[in-house]
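Taken in order, these protein sequences are the chains called A and B. If you count the first sequence from 1, position 139 lands on 139 in the numbering used here, and the numbers rise without skipping. If you count the second sequence from 1, position 13 lands on 13 in the numbering used here, and the numbers rise without skipping.
Mixed in with the good hints, there may be bad ones.
[Claimed, not checked] Taking lysine to any residue and the SDA-like style, the derived pairs with C-alpha atoms no more than 20 Å apart in a straight line are: (1) B:Lys222 x A:Phe145; (2) B:Lys164 x A:Arg124; (3) A:Lys61 x B:Met219; (4) B:Lys222 x A:Ile57; (5) A:Lys61 x B:Val215; (6) A:Lys61 x B:Pro96; (7) B:Lys222 x A:Glu131.
It is worth saying that the hints were derived from the structure and are not from the lab.
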Amino acid sequence: MWWKWSLFIAMGLVIVFSFTTPAPQQQIGEASRVFYYHIPQAWICVLAFMMSMIFSIRYLKNRRIEEDDRAADAARLGFIFCILATVTGSIFAKVTWGSFWNWDPRESSIFILLLIYGAYFALRGAVEVEERRAALSSVYSIFAFITVPFLIFVIPRITPSLHPEDSIVTENMKFTMGPAVRTIFFSSLALFTVVYFWMFSLARRVRIIERSRMEIEE
Amino acid sequence: MPQNSFGLISKAAAVYAKDLRLELRTKYALNAILMFGITTLTVVSFSVGQSGLPPKLLSSLFWIVMFFSAMSGLAQVFVREEESGTALALKLTTDPDAIYWGKLGFNLTLLTIMTVIIAPIFFIFTDAPTDNLVLFALVLFLGMIGLCGATTIVAAIIARASVKGALFAVLSFPLLLPLLLVLVKATEKVLLGVSFSSVATELQFLVAFAVVMIVGSVMLFKFVWLD
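Just chain B, with the same shape it has in the complex (with noise of 0.2 Å):
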């Protein structure tokens, strides 16, 4: 257990810190999401073509385009310590608070670039209305840290597993549901154009749900981590 917060923080910025560094070094987890991404959405594109498609439609196709190139890339923060068999060396040097703490920040790092480079192409390959963008890039990045604070956890689960592959996105997509339903719908209604008070309501979901799924992975967090 930390002794005081400025301990926990610090540490947590040394596992981020490197854990970002690594990924500098291969940049693994980012060019398979981002790929991912780019098929997925060339894919969408290609088949529905430019014409203006409904909101609804267009919100859906973008959220599933982003939850399978999240689902693509997220496991790997702990699937490598595991296959490097380095996680045991990081098990004995801090606690597993810090390394929830430093594990989330950097899929929280990887889903910002996905999303700084996805979002536009989407605009651009779709022909989406961008007349409310900061309404948008509010709920994306609510939905984000969502997406990050429910699937951390279960990477440190599927990292201690013997088959990975298809089990990562096999336990997020139950956890991941409501908020997915949410996004989709608070999606469709800042492509309309709404107000920030019409989607008030959804904004309170998704933070209500980012902060308990981050509380609820802190508390289980020690018993994956130290089996």
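The following block holds chain A by itself, in its conformation from the complex (with noise of 0.2 Å):
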């Protein structure tokens, strides 16, 4: 219990320091607060769709019907955090750029993973039979996953970037965060990794009581 409170407390303090200590990048401005909540939606997104897939890896190892609940959730978890992502990127871009969509690099890949992960809930949807929806959903999401470089070689080749990385990092990758902007950005990174991990827990806790409920039912 203790550490939902030290949770919530830390979460009300990163957002009164986000909005208070001067904009994280002087050229964007005001605007630019969003990177306290952007990359970190967009780092969960990454992390519970790696950890789908190995989810998935696992389930067609050892045929364990909880590793693919656990897939199913995990990349359940990834999507509403890659809306989150894409929205508050979307908003970030009217702002700066003028238009909330111009397909750079960032967001085609983003709306790609949006794309594949839709898929892979369509064809969970799709297939009755547990077993049969386990093996099918897990060979498709290490399928999409194995793409995914080739987007990544592709995309920037055909679109140019308009992405404000000298915010995050320089050329020679060193980190040009002022000690408070970097303090409020890897709290709030660490805070997000923390309420992802409590959901996903949840989200386990929900799938156990279905099963046993299912149990008693036959």
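Both chains are given apart, each in its own frame, so use the hints to dock them into the complex.
Rendered as structure tokens:
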């Protein structure tokens, strides 16, 4: 219980400080505060999809249905954070570049992640037999993942990037953030990760309850 | 698992021959693909006219037609097995690798026939420049291999699902997007009449994509087929 309270307080502090300290990027100005929320969301999205794929591989190896449940839960949470990151990024794009969507490489790749996992959920909805659903969706998510390197190679060649990279790292990979910005950013990143794992464990508990209820009904 | 490569090849050839014979009896998949392709090409030609469109537009229209035509028939190769209830017999008589190669070969044949018929009609209808036909054919052929390599396993996946119709295109599209983007780019360059060396990067990409997709499919196919 204590860690939930400390999470509450810490998250509150991050929100307050993210709006009261000077904006992290001078050129972009106030809009650059989205950086404290947008990047942690994108990070959780990648983390959750990675976890989903690892659980899928483990399912194909040991054929335990819990692994597939975990893969689906991680993918679902990743999808939520993916939508959040897309929406916040899109609003930021409107403010700084003047349009909500302009097929910047990052926008394209996050859009394709949404498509892949949208297709993944469509597939899960279309298969009734549980073991078959688990096997098919595991194969699909692994197969989809091996196309991602091609995207990373292709998309920057087709559309130039407008993404503000210099607000995070410079060419020689040094952080240019000031100490205050860095503290807030990394706290936000860490707290988002804690929230994600909390949500994941809640989803797991719901699954366990559902499964035991199904057993009782049988 | 196959005992030797010769056994694998002859088994795959048997699966291929069986599918080809079945297809020639009904011509279901072939008709679906060709009619879809011709219909969409006609719509494109009527709506944009024969006025010389810029290559960028031509190549995107061409690949949209090709993609959706392919989507209308490529799943048939596995859906047919499930619908006629012959999947189990096939599972018992031969190993998954041979089935995958046989089906991949069959899909590749279907798409080759489609290309041979659709591409000339495309040139006739849209009055696209024809100075670079050899390079165009090469890009097309590599694109077809990549398309089949990525979608044959998806066909196997959706054949096992209860809703089959739109799912094939939905599942295939995200996988094919990098391929389609490169194909549109390469075709645009070819229509502009460039030399071989300036599309070399795209050709390398097409080969790499096809190889990775086929290797990945071979590794994952048995999990789909034998669940």
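Structure-based check of all given hints:
Taking the CA atoms of B:Lys222 and A:Phe145, the gap is near 18 Å; set against the 20 Å cutoff, the hint holds. For the given pair, B:Lys164 sits about 13 Å from A:Arg124 by alpha-carbon distance, which is consistent with the 20 Å threshold. Proposed proximity of A:Lys61 and B:Met219 is supported: the alpha carbons are some 13 Å apart, at most 20 Å. Between B:Lys222 and A:Ile57 the alpha-carbon distance is near 14 Å, which keeps this suggested pair within the 20 Å criterion.
Proximity of A:Lys61 to B:Val215 is assessed by CA-CA distance (about 19 Å); at most 20 Å being required, the pair is judged to hold. With a CA separation close to 17 Å, the supplied pair A:Lys61 and B:Pro96 stays within the 20 Å bound. Pair hint B:Lys222 plus A:Glu131 holds up; C-alpha atoms about 15 Å apart against a cutoff of 20 Å.
Consistency note: the structure conflicts with none of the earlier hints.
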